[in-house]
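Protein sequence lines, in the order shown, are assigned to chains A and B.
For the first sequence, counting from 1, position 59 maps to 59 in the numbering used here; every step adds exactly one.
For the second sequence, counting from 1, position 328 maps to 328 in the numbering used here; every step adds exactly one.
These are computed hints drawn from the structure, not numbers from a lab.
Glycine included, every Cβ here is placed at the ideal spot set by N, Cα and C.
A portion of the hints provided could be inaccurate.
[Unchecked claim] Which residues of chain A face chain B? A few of them, derived with a C-beta cut under 10 Å, are:
| # | residue |
| --- | --- |
| 1 | Arg15 |
| 2 | Leu31 |
| 3 | Cys44 |
| 4 | Pro48 |
The residues making up each chain are set out below.
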Amino acid sequence: MTETGQAGQLLAQAREAQKRSLQEVANELKLSVSFVKAIEAEQCSSLPDVAFVRGYVRNYARLLGLSKEETQQVVAHFESIMAPAKDIASGTPVVAPKTQGPRWWRLLWLIAIVAIIGQVLYMWQHSEAPAGSSEAALPKAETVPPQEKRASATESRQEREEDGHSTVVDDEELSLEISEDIAQPDDTDTADIAEVDIASEEAEPVIEETPAALVLAFADECWVSVTDNTGRTLFSGIKQGGEELILEGEAPYRFVFGNGAALESMRIDGEKVTLPERRAGQVWRYASR
Amino acid sequence: MSLLKRIRGMFSTDLSIDLGTANTIIYVRGRGIVLDEPSVVAIRNHGAQKSVAAVGINAKRMLGRTPGNITAIRPMKDGVIADFEVTEKMLHNFIRRVHEKSFFPPAPRVLVCVPCKSTQVERRAIQDSAYGAGAREVYLIEEPMAAAIGAGLPVDEAHGSMVVDIGGGTTEIAIISLNGIVYAESVRVGGDRFDEAIVGFVRKEYGSLIGESTAERIKQEIGTAYLSDEILEIDVRGRNLAEGVPRSFTLNSEEILEALKDPLATIVNAVKSALEASPPELASDIAERGLVLTGGGALLRDLDRLISEETGLPVIVADEPLTCVARGGGRALELIDTQGMEGLTLS
């Protein structure tokens, strides 16, 4: 029933078939005759809101004894001519097109929240280990060019060969020595193995037998950098709590500790150095005499 | 408002809740009616401890059929909270159900409808229980206002609109103009009182006892408010009081009309006194356009005809009268957002 006037006509015809006058119908429905006329003529302008008209038409159809389907069709027709878009009263979602917007916003919010939480966690983790912050403060001490390291390794090897006894300085240097030895084509395999064995055996017993030039003991995780008189960086890296750092070099030494309080004790040439008060989590610089 | 609630609020939807005596209906913005369940909670007792056994339709099935350790409760009575804790639990369950897919616990903005003659204490109880159920913000709106908006009445115009909302516990009658209530009356008669009247009638006339659920079924199937040519019948089984055994008997719609006479008269009288109290300009608007019935009670057969005959005014039943209040509340939330119409709600 989409054609204009059809629904009103259906009602008017049904009324006339029952030989009822407009006045009679208006009295039964308790409506004014003008409203009933307007309904039959489908004059929306002289009728109140659609919510009322829907009810009037339904009551009118019931009075005339129209079937359920016919009533529904007539009501739907009046709804369509009076309010093209369905309103809240018909139960359809009112803000359906808007739903896309908030969903996007929610996704953005979620991403932002995750990013903030990630940032906070990152900062929190790094605030627990201030060594990291001192790393940032001392970029020069941290980066030692590999060539210089290699040079220092060969130097110390020469020194050891001259002295007749060797001191292991660092794991890195040790491995460097081993790899260099293995790479020598002139040496026999047995000699290689022997040398490697010696090198690996040297690592522990030698430290205990001869008093090292510099022994640092750590109570907590700490970034540390040690340079000797010649300006050579003896060590630059992180030591864990309970570890010892044993170095060989020329006094006086200059130290930088990322976490000053993490240093438990310091021995230079076998002598214990009395350490001043240091604050936890603070960089501590020290130069030996 | 805590920050956490705000964040959770971003993942929650605005709700309009018709916290009725008989049914709780939830309307979600953009999604329509998402929940329509009886306001019933089944509580299981473990000694001193209590836990919720079922909520809504599952709990309603248990009404009158529970073993000793389970009690099925209707926490709302006469449109207001009768059991605060159970109402809170029920609301919490319903709000959670509406947000089933969300990851965070929901913290929605909630608009709850309250009877217009409810006291400050009763309103506060409803507000607190919504907060307790996890709401971020709670607005209250008078039921007839929400019903009128839901029925599509032109509440913002300078025209009087009269709405009669017949709920489970109360009947709210209001005359509304320019987004405000000009006159409001609330009588504590509703669908429940109809059921009680049927139970009382059957006991008196047939000497048999029937339960509330049976009475409700009788009302829905053959209940009528106005004498018509069509007479309907229903077979009912109840416990005979004299013999003590279940007996079957047949009721017809005329008998039910007789049973409902008193509660219906109360409603009609309240409508008449509202019309008496209305200002003449608004009364003429109502006489021209008529009054609108909403709420579950409006579904009682020929109730509109009864009121129309008694008052001499056109009476129309709103579309989907059961959900009018919830939908109207949803629309009110939108109006608050888009047009800043805070005046629609109660402070």
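Right, here's what the structure says about each hint:
1. Taken as an interface hint, Arg15/A does not check out: its beta carbon lies about 17 Å from the nearest beta carbon of chain B, beyond 10 Å.
2. The closest approach between the C-beta of Leu31/A and any C-beta of chain B is roughly 5 Å, which is under the 10 Å cut-off, so the hint is satisfied.
3. Interface hint at Cys44/A: violated, since its Cβ lies 15 Å from the closest Cβ of chain B, which is beyond the 10 Å cut-off.
4. Nearest Cβ of chain B to the Cβ of Pro48/A: about 5 Å, under the 10 Å cut. The hint holds.
Hints 1, 3 from the earlier list are contradicted by this structure; the remaining hints agree with it.
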